[in-house]
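Chemist: Here is how the chains run, residue by residue.
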Amino acid sequence: MLNEQELLAALRQGDAEAFTLLFETYSDKIYGLSVGLLENEAEAEGIVQETFLRFFERLDQFEGRSKISTWLYRVSYNASIDLLRQRKPHMSVGLVDDDTLPMPAVFVDWSQWPERLLSEDEVTAELDKAISALPEKYRAIFILREIEGLSTRETAQVTDLSVSAVKVRLHRARLLLRERLTESLITRTVEHSGTE
Amino acid sequence: MTESKGPTWNKTMKCEELLQYLSDYIDQELDEELTAEAQEHLATCHNCRVMLDTTQQTIFLFREQGKRAIPAARRQRLFDQLQDAFLARKTNPQK
Chain A
1 MLNEQELLAA
11 LRQGDAEAFT
21 LLFETYSDKI
31 YGLSVGLLEN
41 EAEAEGIVQE
51 TFLRFFERLD
61 QFEGRSKIST
71 WLYRVSYNAS
81 IDLLRQRKPH
91 MSVGLVDDDT
101 LPMPAVFVDW
111 SQWPERLLSE
121 DEVTAELDKA
131 ISALPEKYRA
141 IFILREIEGL
151 STRETAQVTD
161 LSVSAVKVRL
171 HRARLLLRER
181 LTESLITRTV
191 EHSGTE
Chain B
1001 MTESKGPTWN
1011 KTMKCEELLQ
1021 YLSDYIDQEL
1031 DEELTAEAQE
1041 HLATCHNCRV
1051 MLDTTQQTIF
1061 LFREQGKRAI
1071 PAARRQRLFD
1081 QLQDAFLARK
1091 TNPQK
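Note that the protein sequences, when read in sequence, are chains A and B.
With my numbering, letter number 32 in the first sequence gets 32, and the count goes up by one each step, no holes.
Basically my numbering = 1-based index in the second sequence + 1000.
Next up, chain A with everything else stripped away, as it sits in the complex (with noise of 0.2 Å):
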C-alpha cells in the first residue's frame, strides 16, 4: 500500500494502477457526501467526476500540506453547496447557528427495533428519509463526521468552520435523527399491531 507521497509521485508519473488505486480509494466517499447534499445520483456523479478533474489539474502543485481526502472532499463539498444555492439562493450554511437545541419529545427505546419490525431495505428508506429532513448544514457535518468517518478537525477543515461548530452541529443532527427515527418506529409499530 502506497503512502500520500507515494501516491502523489506515482500519479504525476501518469502511472495507471496509482489512478485506480485513487478511483478505489475516494470516488464513493466523494459520491456518499454528494448524493447526500444533493439528493440527485447524476449531480452526485457530476461533483465525483468535477472533483477528480480538478485534483488532475492540481497534481502538479499539490503540495501536500492537506491529506489527498480532505482536499477532496473539501472540493465536492464547496462544488455540492454552490449547486445547493442555485436551487436554493437562501439556503444557510454560513457560521452562524442561532437555533436553540432541538428538546426532544419522544421517549421511546427501541427494544423491538428495528429487527423485528423492519427488513434492512426498509431501515435504509428509513435512514434515508431521516436524513433527508435535515437541514442541509446539520446534513454535511453528520454524513462527513459519521457516515464517513472524518474526525471534527478534519470535517472542520472540508467545511471551512470552527471545531465547536462542527461539534455543535453534530450534536443538532443526532438529536434530530433519533427523534424522526423514533417517530418512524412509532409508526412502523401501529402499523405493525394494525396487521396482526
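In case anyone wonders, no lab produced these hints; they're calculated from the structure.
Keep in mind that the hints are not guaranteed to be accurate.
[As the list claims (entries may be wrong)] Each pair of labels, with its calculated beta carbon distance range:
1) Gln1065(B) / Gln86(A): 27 to 33 Å
2) Gln86(A) / Thr1035(B): 42 to 48 Å
3) Leu1034(B) / Lys88(A): 48 to 54 Å
4) Arg1063(B) / Thr187(A): 21 to 27 Å
5) Glu183(A) / Leu1034(B): 28 to 34 Å
6) His1046(B) / Thr189(A): 14 to 20 Å
7) Glu1064(B) / Ser162(A): 26 to 32 Å
8) Asp1031(B) / Pro89(A): 39 to 45 Å
For glycine and all other residues, C-beta sits at the position ideal for the given N, C-alpha and C.
Position chain B against the provided structure of chain A, taking the given hints into account.
Modeler: Using the frame of chain A, we list chain B on its own:
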C-alpha cells in the same frame, strides 16, 4: 416497548444539562467530573437513558447502513472517463 412522559429533574445533573452534554458523553469528551455527574443522572433517569441508548443506536445504524456507493454500471463508466482524462494529461516526472 416502554413509553413515558417528559424529562424529570435530578439533584445532581438536570435532564437539560444531560441533553446538552449528550454528544460529548457519547464521544467520551467530557471531563471526569461531568462524566461522573452524567453517569449518576443516567443511573436514576429512565428518559435520559432512553435518549442515550437511542442516540447511540441512531449513530450505529447510520455508520452501518448509511454509506452510499456509486451504482456499479455508472461507476465503471465514470472510471473509464476519468482514466482517459488522467492518462491524457501531460505528466511531470520532475516533481
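Chemist: Give a verdict on every hint.
Modeler: We went through each hint and held it up to the structure:
1. Gln1065(B) / Gln86(A): 27 to 33 Å: holds, 30 Å
2. Gln86(A) / Thr1035(B): 42 to 48 Å: The hint (42 to 48 Å, Cβ to Cβ) holds, given that Gln86(A) and Thr1035(B) are roughly 45 Å apart.
3. Leu1034(B) / Lys88(A): 48 to 54 Å: This hint is violated: roughly 39 Å between Cβ atoms.
4. Arg1063(B) / Thr187(A): 21 to 27 Å: Between Arg1063(B) and Thr187(A), where Cβ atoms are some 24 Å apart, the hint holds.
5. Glu183(A) / Leu1034(B): 28 to 34 Å: holds, 30 Å
6. His1046(B) / Thr189(A): 14 to 20 Å: Roughly 19 Å apart at Cβ, these two residues keep to the hinted range, so it holds.
7. Glu1064(B) / Ser162(A): 26 to 32 Å: holds, 29 Å
8. Asp1031(B) / Pro89(A): 39 to 45 Å: This hint holds: roughly 43 Å between Cβ atoms.
Checked against the numbered hints given earlier, this structure breaks only hint 3.
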